[in-house]
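Engineer: Using the sequences and the hints, build the whole thing.
Those protein sequences? They're chains A and B, same order as listed.
For what it's worth, the working numbering labels the leading residue of the first sequence as 1, then goes sequentially.
For what it's worth, the working numbering labels the leading residue of the second sequence as 435, then goes sequentially.
Derived by calculation from the structure, the hints in this document are not laboratory data.
Predicted, not measured: the structure shown is a model, and the values here were computed from it.
Straight-line C-alpha distance at most 25 Å; calculated SDA-like pairs for lysine to any residue:
| hint | chain 1 | residue 1 | chain 2 | residue 2 |
| --- | --- | --- | --- | --- |
| 1 | A | LYS178 | A | ILE164 |
| 2 | A | LYS28 | B | LYS625 |
| 3 | B | LYS602 | A | ASP327 |
| 4 | A | LYS330 | A | GLY370 |
| 5 | B | LYS550 | B | ASP464 |
| 6 | A | LYS434 | B | ILE457 |
| 7 | B | LYS600 | A | PHE35 |
| 8 | A | LYS430 | B | SER614 |
| 9 | A | LYS403 | B | THR601 |
| 10 | A | LYS425 | B | THR491 |
| 11 | A | LYS321 | A | ASP77 |
| 12 | B | LYS625 | A | HIS390 |
| 13 | A | LYS425 | B | PHE531 |
| 14 | B | LYS490 | B | ARG521 |
| 15 | A | LYS411 | B | LYS490 |
| 16 | A | LYS376 | A | ASP133 |
| 17 | A | LYS28 | B | TYR622 |
| 18 | B | LYS458 | B | ILE578 |
| 19 | A | LYS326 | B | SER574 |
| 20 | A | LYS403 | B | LEU527 |
Quick look at which bits of chain B chain A covers, simulated, 3 or more residues with Cβ under 8 Å:
| hint | stretch |
| --- | --- |
| 21 | 464–477 |
| 22 | 488–495 |
From the three backbone atoms N, C-alpha and C, an ideal C-beta is built for every residue, glycine too.
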Amino acid sequence: MGDKGKEFYEKIKSKIDTVQKEGTLENKFGMFWKFASNIKFRQHDLRYLYEDSSREFVEKYRDQLIAMKEEFVQNMDYYVEKCIKVMREANNMTVYLAKTNEEAQDIFMKEIGEAKVIYKSKSNEAKDIGIIDVLKNNNIEIKETDLGDVLVQLFDYKLPSFGIGPGAHFTREEIVAKIKEVHGVELEPKASAIVKYYRETYRKELLNDVKVSLTSANVISAEDGTIILGENEGNISLLTRATEKHIVVCGITKIVPTILDAVLVAKLQTRINNVSFSYISLIAGPSNTSDVQGERVLGMYGAKEVVVILVDDWRTNALKKDKIYKDFLKCVGCRTCNYACTASRAFGNIFASKYGLGADGIIRDYIHNGIEAAVKDGLFLCTGCENCRHWCPVSVNLGEIMKSIKKEATKVGLCPPPLMEYQQKILKDKNPFK
Amino acid sequence: MSKLIYLGCLSTRFYDSTCKNAIKIIQFLDREYQVIENPPCCGSLAYNMTSDEIMKTHVEFVNDWFKTNNITELVTICAGCYSYFTRYYKEFLGSEFTIKIQHFLQFLADPQNLHKLNLKYSGKSLKVNYHDACHLRNSSVPIIEEPRIILNSIENIELIESDYNKTKSICCGAGGGVYSIFKENSDYNAKTIFENMKKGKALLTACPFCYTALNRIREDNNIRKPVIKFEDFIAKLMEGVEPISG
Chain A
1 MGDKGKEFYE KIKSKIDTVQ KEGTLENKFG MFWKFASNIK FRQHDLRYLY
51 EDSSREFVEK YRDQLIAMKE EFVQNMDYYV EKCIKVMREA NNMTVYLAKT
101 NEEAQDIFMK EIGEAKVIYK SKSNEAKDIG IIDVLKNNNI EIKETDLGDV
151 LVQLFDYKLP SFGIGPGAHF TREEIVAKIK EVHGVELEPK ASAIVKYYRE
201 TYRKELLNDV KVSLTSANVI SAEDGTIILG ENEGNISLLT RATEKHIVVC
251 GITKIVPTIL DAVLVAKLQT RINNVSFSYI SLIAGPSNTS DVQGERVLGM
301 YGAKEVVVIL VDDWRTNALK KDKIYKDFLK CVGCRTCNYA CTASRAFGNI
351 FASKYGLGAD GIIRDYIHNG IEAAVKDGLF LCTGCENCRH WCPVSVNLGE
401 IMKSIKKEAT KVGLCPPPLM EYQQKILKDK NPFK
Chain B
435 MSKLIYLGCL STRFYDSTCK NAIKIIQFLD REYQVIENPP CCGSLAYNMT
485 SDEIMKTHVE FVNDWFKTNN ITELVTICAG CYSYFTRYYK EFLGSEFTIK
535 IQHFLQFLAD PQNLHKLNLK YSGKSLKVNY HDACHLRNSS VPIIEEPRII
585 LNSIENIELI ESDYNKTKSI CCGAGGGVYS IFKENSDYNA KTIFENMKKG
635 KALLTACPFC YTALNRIRED NNIRKPVIKF EDFIAKLMEG VEPISG
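Structural biologist: Here is the structure:
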């Protein structure tokens with residue numbers, strides 16, 4: 001097993017060479033990410049959007065957020081049950097509680113019926129739950145609608161990218177060249193020209209052709225079963241209204257006790273990322289009308305059906321079996337841990353997994369695919385500086401989780417050999433430098 | 435003997451003059467503090483790659499060594515040792531661990547000690563930056579204000595805060611054993627620390643791991659501003675010598 005530790009160590013070394021080599025995809029992303037994460041890092045202390053800085057906003061609500069998430073985690077069964085009941089009984093939603101990702105994938109495939117095209121918004125949860133993989137395996141066409149993801153699809157970019165702005169590392173020139181290559185249309189290398197092109201070509205399709213749409217949820221209120229979705233582009237508004245069936249897939253940890261808690265989390269997600277949602281949708285059921293003789297009919301102008309697939313998978317298990325990643329249940333999915341992570345800044349998308357950048361992405365890979373996956377993602381690049389904990393609005397200590405995963409990796413012989421030498425010297429000679 | 439100066443493996447191996455300075459300062463303030471040759475490593479460097487069961491055995495060994503030598507309190511100049519003793523020894527040993535742990539900065543920041551040191555800078559004025567080490571700001575008893583109290587008490591010395599300070603500080607890239615396997619982390623992050631220094635003439639650090647990473651980056655990039663270990667800075671002030679000269 002020790003040989004594997006050496007092999008994986010060498011592979012990471014070679015990935016570092018790639019990220020440092022000018023012109024490689026990893027290098028280009030790395031350069032962008034250094035710039036982007038630095039800006040995001042600095043924005044926390046600026047007052048350019050509101051009277052308070054993002055940091056002040058987070059500090060003001062930190063204790064409240066932690067207490068709220070802990071209340072949910074300690075009473076997860078209760079809140080999940082409550083949420084499902086109100087969604088079914090009051091909100092006319094079709095709701096499933098999937099015990100595993102596989103179960104969620106089966107439910108999803110049944111719910112999409114004969115549809116061969118799925119329009120989706122940006123959804124990290126869909127990746128976590130494996131929906132994207134299952135759609136690909138079943139030859140269902142996935143049409144991304146967030147412009148960043150549209151660009152990622154256009155470039156067929158396979159490497160992990162920035163969760164908040166997935167295509168932000170492509171230059172204007174690269175984008176217009178790619179559009180010309182793929183669509184045969186010549187555009188000026190300007191952001192406004194690129195946006196205009198998609199508005200004129202894609203918007204019409206989104207307004208008229210969507211039958212089944214997929215979104216996640218930013219947060220869900222257990223109190224009244226309201227799903228909150230935030231966005232800037234309007235794609236989510238179209239996908240959730242101009243569709244026959246709107247399917248929501250997310251983990252049960254998106255649930256919070258009350259609607260006010262939910263609004264606070266949504267607001268927090270914007271403040272901590274220094275963006276401002278143009279639209280916040282509060283979805284509490286399919287479109288409907290009672291205007292004909294007071295008879296309620298579902299499916300007026302908006303979605304006819306809202307299907308919610310809540311997924312447990314690793315979550316209850318993490319709590320009940322006291323797993324090392326239990327603290328991760330409190331995560332509100334704001335992704336700010338990425339900006340503050342020194343390993344992420346130094347190594348870009350080689351310190352990442354298919355679930356996303358940084359420790360967040362690596363821990364998810366560990367949960368779903370085990371210890372070898374985490375080591376290959378660059379587990380040992382983490383210095384354990386715990387900047388993630390200090391920046392996290394609910395103080396999730398990803399650094400401590402990473403330390404525990406490192407211990408497990410060592411147990412199965414996956415630790416980089418030079419570190420093992422230190423360990424041996426400490427344990428035997430009581431001095432690492434003897 | 436009951437009071438120990440615990441220098442830490444890294445400083446003992448690589449920074450002999452700093453160790454001597456630390457001993458001089460600590461003993462000037464309290465003669466009872468002594469050094470014992472070859473103390474066992476606290477184990478912090480092994481923590482990430484050792485099971486809790488094996489780690490506990492090592493921690494018990496160290497605790498027994500303290501007991502055998504009648505140690506009741508210690509001052510350490512290593513941020514890693516401080517963090518590990520305060521954060522994990524209690525977890526492993528519970529009430530069995532009774533040693534009073536102080537970092538050099540806490541010891542110095544004690545009002546009586548500061549008064550006794552009566553530090554002054556003989557020059558006109560000196561602006562310095564301080565790098566908050568992860569080990570110090572993350573420990574169960576965080577050390578954040580102590581270096582500021584010390585520096586602000588020194589006549590003619592002005593502490594300039596970096597953009598990223600206290601709990602916002604950037605890791606130098608030397609934590610978690612990463613420096614020994616992937617130095618490229620510090621290539622970027624340690625350089626960023628210098629870029630955020632602003633007007634300081636020197637960068638002070640109280641962590642030997644940070645010093646190692648920062649000083650390498652300083653040399654590799656021909657950065658003029660020196661990195662100075664806190665112990666060396668204080669010792670030079672005590673001697674009335676220019677504290678930022680080589």
